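Q: Residue-level listing of the chains:
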Amino acid sequence: MGTNGNIIRKKDLGFWQSIYVPEILKGLRLTITQMFKPKFTYEFPEVRFKPPEVFRGRPVLVEENGVERCVACGLCSRVCPALAIEVQAGETELAKERYPIKFEINMVRCIFCGFCEEVCPEEAIIMSNEYLLAFNNQVEAVFGKEKLLKSAAEMRPRLEWLKVNR
Amino acid sequence: MAKITIDGKELDADPKLTIIQAARQHGIHIPHFCWHPKLSVSGNCRMCLVEVEKMPKLAIACATQVAEGMIVRTNNERVIKARNSVMEFLLINHPLDCPICDEAGECKLQDYSYKYSVGYSRFDENKVHKPKRVELGPRIVLDDERCIMCSRCIRFADEIAHQPVLIFTERGTHVVLRTFPHTVLDNPYSMNVIDLCPVGALTSKDFRFKSRVWEMANTESICTGCARGCNINIWTRNNEILRLTPRLNEDVNSYWMCDHGRLGTFKFVNSDNRIKTPMIRKEEALMEVNWDEAISQVASDLRSYKKSEIAGLGSAYATNEDNYVFRRLMKGVIGTKFVDVVPHVKEGDEDQLLIRADKTPNAVGAAAVGVTSVDASTGLEAILNGISSGAIKVLYVLEDNIAADPRVASVLSELDLLIVHSYEHNETTKLASVVLSASTYAEKNGTMTNFQRRVQRIRPAVATLEADRALGGFSMSRWDKFASPNDRWGKGPRRDARPSWRIVSGIANALGAKFKYNAVEEVFKDLAEKVEIFKGLSYAKIGNRGIALTTENVPTSLIPA
Ligand code: SF4
Ligand code: SF4
Ligand code: SF4
Ligand code: SF4
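Residue numbers (the numbering used here), protein chains in the order written: chain A, 0 to 165; chain B, 13 to 573.
Bound conformation, chain A alone (with noise of 0.2 Å):
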């Protein structure tokens, strides 16, 4: 391809080629090789990628001991590239003093970057293994903070990979 778009193409094709045949004939033993090789692809859906710990899937929210570790600082709404995180943050009686009252991340708008879960001072949202998004509307996208809590126990393993990659 030429920069500016031109199609560069070999203007004589050899006699072989023009006819074709011989052509087909091995893109078909292309094709029957593969067939007896190990397949690597899923039969999706019924079977499904588990990713491992490296992987960015969607951000979560991390709870603990019934209250998420959020305290509402909102960095991670600043430091979102495309602006899909807002918390408003309210006053709690628990040492942590601030905790969002409201935490909705917009899965339209979320690329998956994780400045989020680097920013974040509490490790209190991380990136996920999921990675199946698909809405109807975009009210749906919109992710609150029951979607969004996932306790713990449940996230160990990133947390784990965490603990020693950060």
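Don't take every hint at face value.
Quick list of in silico lysine-lysine cross-link-like pairs, DSBU-like style, CA-CA up to 30 Å [to be verified]:
1. B:Lys343 x B:Lys537
2. A:Lys101 x B:Lys279
3. B:Lys222 x A:Lys146
Among the chain A residues that face chain B by a calculated CB cut under 8 Å, a handful are [claimed, not checked]:
4. Leu74
5. Ala88
6. Glu103
7. Val141
No lab work stands behind these hints, which were simulated from the structure alone.
Computed from a predicted structure; not experimentally measured.
We put the beta carbon where it would ideally sit given N, CA and C, even for glycine.
Starting from the structure of chain A, add chain B with the ligands where the hints point.
A: Chain B with the ligands alone, transformed into the frame defined by chain A:
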């Protein structure tokens, strides 16, 4: 004048000044925490250490007077090292919890940490812990751990607010800020200590945790709590006002504003009690209608009365522009003599610092543009008497809840027709035949004239249906800039309100007049041409600090005693 040299720059300085003041006058910033231009010098933070030639040790710039031939260095290695050490000491016991601190983003300690600190701590020991959430007064919460003991708040309470109730107790690193036993910090100016506090130790109970400062847009405007017209910033997020803070203007309010102005003058803008569209009373109930219907209804109603049966009350809460167009409608188009403004003066509720007894922002301006009676026979009392006697059948009221006064309310029920511009449902709208939803001071452009006869600008911070933040030149936060229709945070409520000058022009034109105002600038231009004392003024000239009407121009009747 003394000749001094600061960082190699030769300056002329008044020998009465200190180094920090002289430097500031010439645009040289010497970092400081405890010094403030309006407070006495306490010299305890040691941040402003500078090198003065021939002095054996570094000197604090806030307490060293300028002298002839003085050579000062604010940025050499010795000074930088000293400053680093001061920062290190200040941060030893500081909690460093910026993420959950309300001051983050506008914190002197945070800013200076970036500029003047080495960026790491050598302190491995445990930090001293102190009480958090200490209530100093009804409006202020203190976090002792964050306090850097600058004593600004103590000096403000003593010297400016004249309520000397704050004091440090305990010693060394265990010092805490307290009020004297059996006292609370509750003076009418108490919340200024929140702005003064260079760290997040003092927070406003009302604003605490509502928003991070970088999420808000701020708009330069004027407080409408009294005739002082303190210069303020309006802070908004998601089309909602979250706080007001004072804005420096030495001619009006210096660095301060009162607590009533700060807390009591913006909540109604966001409230559910707002009138969201124009309304007409049909069969006892107010029905929502569109603007065209409301305006043509008002015009046809007005047509069916004689001009001597119609009276108009302008508003000391509305802008000069609103009142000017209102006067043109009442005195010019309709031709009634009965035009006045209801005063809202609370005798005795004033002081030497800022608070004025006149609780309206624009009483002088309303009168100055002609919304005032020629003599007592057409004034407010005459209008009320006229209504009681049945001589006046129609009353048109600009933004003012006149029926809050029970004496007035009892008279209003005698009217055939009561037209009001209102922000919210109140006693007057209960009696009204037509309610026109008016923009508040935070939703429109315009000018107010304070008691010093100073004309000052207000600017829109909250968008109404007819306005667009970007096209209307509003101040915009990052969220305002990038919100799309499907973002929930772009969906703060917008009301179908209009500035009074636009509503009144619509009615005048429906009555056959030819008011050609498309923008508020055009109203002001017209006003500045027609009203003698505003001659030569323009929005550009008024700027963001306001401009005083020259005394010769102002009729003596307008000059407050
Ligand atoms: S992963 Fe990136 S885009 Fe998604 S919410 Fe976090 S910061 Fe925003
Ligand atoms: S950065 Fe972490 S603690 Fe701060 S608001 Fe986001 S999730 Fe909560
Ligand atoms: S509370 Fe703030 S203003 Fe008062 S002494 Fe402490 S740091 Fe200074
Ligand atoms: S003194 Fe008047 S203008 Fe100033 S803040 Fe208070 S109420 Fe507002």
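Q: Under the constraints set out in the numbered hints, which ones does this structure not fulfil?
A: Every hint satisfied by this model.
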